[in-house]
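Colleague: Residues per chain are reported as follows:
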Amino acid sequence: MSIKGVASIVGIYEHPLRKAPDKSTPQLHYECAKGALEDAGLTFDDVDGYFCAGDAGWFMSMVDYMGLRNLTYFDATDIGGSSYIAHLNDAAAAIAMGRCKIALVTLAGRPRNDPPQPRPYGPEAGWEMPLGGTPPNIYALAAHRHMHEFGTTSEQLAWIKVAASHHAQHNEHAMLRDVVTVDDVLNSPMIADPLHRMDCCVVSEGGGAFIITTPEIAKSLGKADIRVQGAAQAIKGQDGGRIDLTYSGAAFTGPKAMEEAGVKPSDIKYASIYDSFTITVLMQLEDCGFCEKGKGGAFVADGNLISGQGKLPFNTDGGGLCNNHPVNRGGMTKVLEAVRQLRGEAHPAVQVPNCDLAFVTGIGGTLAVRHGAASAVLERIA
Amino acid sequence: MSYDLISPPPLNPESQPFWDAAAKGTFLIRHCPACDQAHWYPRTICPLCHQADTEWRESPGTGTIYTWTHMRKSPRGPFALAYLELDEGPRVYVQFRPEDSENLEIGKRARIMFHPVKDGAPMMFAELI
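Those protein sequences? They're chains B and Z, same order as listed. Read in order, the letters of the first sequence correspond to residues 280 to 661 in my numbering. Read in order, the letters of the second sequence correspond to residues 4 to 132 in my numbering.
Since the hints were derived computationally from the structure, they do not count as laboratory data. As the structure is a computational prediction, the values presented were derived from the model and not from experiment. Careful: at least some of the hints might be erroneous.
Just so you have them, the derived chain Z footprint on chain B, three or more residues with Cβ under 8 Å [as the list claims (entries may be wrong)]: (1) 404-410; (2) 423-429; (3) 461-472; (4) 561-569; (5) 578-586.
Here are the in silico distance ranges between beta carbons for each label pair [said to hold, decoys possible]: (6) B/D546 to Z/L131: 44 to 54 Å; (7) Z/Q54 to B/D523: 48 to 58 Å; (8) Z/E108 to B/K498: 26 to 36 Å; (9) Z/C38 to B/D325: 49 to 59 Å; (10) B/G346 to Z/G123: 50 to 60 Å; (11) B/T413 to Z/L131: 16 to 26 Å; (12) Z/I132 to B/P627: 56 to 66 Å.
For each residue, glycine too, the CB sits at the ideal point set by N, CA and C.
Isolated chain Z, as found in the complex (with noise of 0.2 Å):
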């Protein structure tokens, strides 16, 4: 799997401060002040409670695997998806770097990394830990 092979991803106005701190490594999650919760993918009003605006907070990006997928063969090679279990809960569907693929289990500790796609965007993948 080449990453120049992937295109970039599309954003809009709600995402891009989750894309401009992915430009200097930092990954955000959003986090609700009325239930408390972390929900995923980002979003200005909790999914969870719908009470709320949520707020941007710095996560590690640690989690747990909680299901995986290698895809053997596509147009841009084999390459691995999955859920990971974000330590604040979440569960996250991520791709992990092709250094990683054929190495994935249930219950292995991986962590949210960035590296940038075609034209240079980067990108949110997984990497085992």
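Just chain B, with the same shape it has in the complex (with noise of 0.2 Å):
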């Protein structure tokens, strides 16, 4: 049993705000899917399944507000910022059961203008909140550990902002547009060692949603087929202390989700990377087996992830780092611009061509403490 081939996403929208203090987040939300169908060509009465995460905050009232009144399939499962593209998967493989036929999937909010949420925490509350443990510190101690094991150094890092900020100039919406050197990168001030300020993406409002479906009914809408081809999700915790902090949860899920498309990763044309922080595409292009493990600095150094230069273009639409990363959680956009490149409908001057094989991987949560890991792969069908 796989759910390759058996879903394809017809309907993307990624809101064009990036700072939104006129607006709720619900009416952010409604926003998005509304976009989202309309690029479908579908309506809200036509949706029977739906996915958020904690960004929706009750996922009830969110359905009951934006009166999605045909549901028979729904999950709010929340793995931080990779929660979309697992939503991608779970969606393909109701869709595959027949628990539903046209899936939406939302995120949206405001985290300029809310009040900060407080960081969830489970069972090991006692030990951790007191420390002031916040993404740029507990990504870093990942970062730290790579330098040390592999030799991985500051301006190799510096690398995956640099070609962000490339393809971010030709983005109109993306919060940052101008281009950066390396040189930028390591004088931007430090903000948790070894990561410096341009190593971490923006903090943006808005948000963005897709509309999933089957491959009949998206023929019978006229849109490109872009099919899901495999898909995987994982969750990578301390495991008792044992924490290894030289790969990601992508270990497992770049590798499985490829294998269940029957490619590999020279295969892929273009790759939608999270970016919350540099040293996390780093992690997940060696975890996927874009390159070895430890050689993922020599890998993204001289532009090898800039569109027409380098061997793997990624995140064409400037990515969290430059462009967009609406409620501190990237894999939306990850799977949006995905979509754009494989329609043929990115930026011009970052489109990759012929490109119809694309590849999507995320990690939400916390890098170096417990995360999510969602990654799937996207075709193009004639």
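Using the supplied hints, reconstruct the complex from the two chains, each of which is provided in its own coordinate frame.
Modeller: Here you go:
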């Protein structure tokens, strides 16, 4: 049993705002949902599956708010910013089992206007809550260990931001459109050793949504058939104290998604790699097999991720590092840019020629404490 | 970084003995009689082998820095986090005391210590040795 080929993405929408003081969070979800449905040529009454995560608030309220009255399947699993890639997997599985036919996935929020959300804790709270761990310092823990084990340098990490900035210059909605150099990254203030400010993603508002359905319905809508060919998800925690920071959960999900799709890393024409921090990209590239473990630094250097220059064009919208990281959750925009690339609708300056096979992967939660990972392979079917 | 700005650790019946010992300056870890391994953070049923109720054991709390970071700015000032690999095996996610924040390196020796935080409750930190 496999989800290979059973579902297609037929609608996408990325909210143009990066700061939304005059809108509510549910309103942003609603606008994103509406945009994706209009892109697909569908209506709210067509939706029978709905997926969202913690940014939507109380799940049933969001369903009621948007007037989703025909749901037969829903799921609100939250694995942080990678939730929406996992939702893609779950929605495809639900469609394969006939639990729903047209699934909506939304993300939205206003972290620049709303009060900070308390970090969620479980039974580890006594030992971890007082530490003050936040994404920058927790991801930095993984970066330091990677440098120690493999000789990875800050210069190499900086290349990831440089590549993202090359792409963001063409995106009129991107928060940061200036092209930056390796020196710019190294000269930006140190936030949490060894990560500089420019190793960190933006904080933005807005959101996004996508629609998944059966290939038959996709065909009837006359939309490009962007097929889900493989997907996988995993949780990586501390394992009772045996935590190994040299790899991420993508070590499980990347290879598994590619195996299900029957493809290998060298087949991938475009990759959306969740870039909460530069180290997040580097570790996922290694873990998904785009290069050998420990060689990620050499792989990303010298513009290898820049569209039109390098071997693996990544995050051609500018990614979370430069374009958009709505509600501190970057998995949604990763799916959206992969679909744009497969449709040939990316900005012409960054569009990968004949892009028919794309890979999406994300890490949500905190890389060096406990996180969720999700990966997917998408293919344009002629 | 001021200790007074750190909230006390939330407790529950499972963790209470750890913090009772901490109040006396004693560091406890959980050890499993079935698989003969220590784990972190402390759980009653072994998370490694799932077989048995674990036992509290006193630990010197000594170990080696596995990784670290120094957060340069925060609402409570700069602070340093690390994983300390205990001599018993488990890697412990821990904050370093402020005196050591700028002198951390992977491989350096350190140990667990306790210091009062807001409301006088003991919290776990690490110090270089």
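Colleague: Now tell me, hint by hint, if it's right for this structure.
Modeller: Right, here's what the structure says about each hint:
no.: 1; hint: 404-410; result: holds (count 7)
no.: 2; hint: 423-429; result: holds (count 3)
no.: 3; hint: 461-472; result: holds (count 5)
no.: 4; hint: 561-569; result: violated (count 0)
no.: 5; hint: 578-586; result: violated (count 0)
no.: 6; hint: B/D546 to Z/L131: 44 to 54 Å; result: holds, 49 Å
no.: 7; hint: Z/Q54 to B/D523: 48 to 58 Å; result: violated, 23 Å
no.: 8; hint: Z/E108 to B/K498: 26 to 36 Å; result: violated, 60 Å
no.: 9; hint: Z/C38 to B/D325: 49 to 59 Å; result: holds, 53 Å
no.: 10; hint: B/G346 to Z/G123: 50 to 60 Å; result: holds, 52 Å
no.: 11; hint: B/T413 to Z/L131: 16 to 26 Å; result: holds, 24 Å
no.: 12; hint: Z/I132 to B/P627: 56 to 66 Å; result: holds, 60 Å
The structure is inconsistent with the numbered hints 4, 5, 7 and 8, although it conforms to all the rest.
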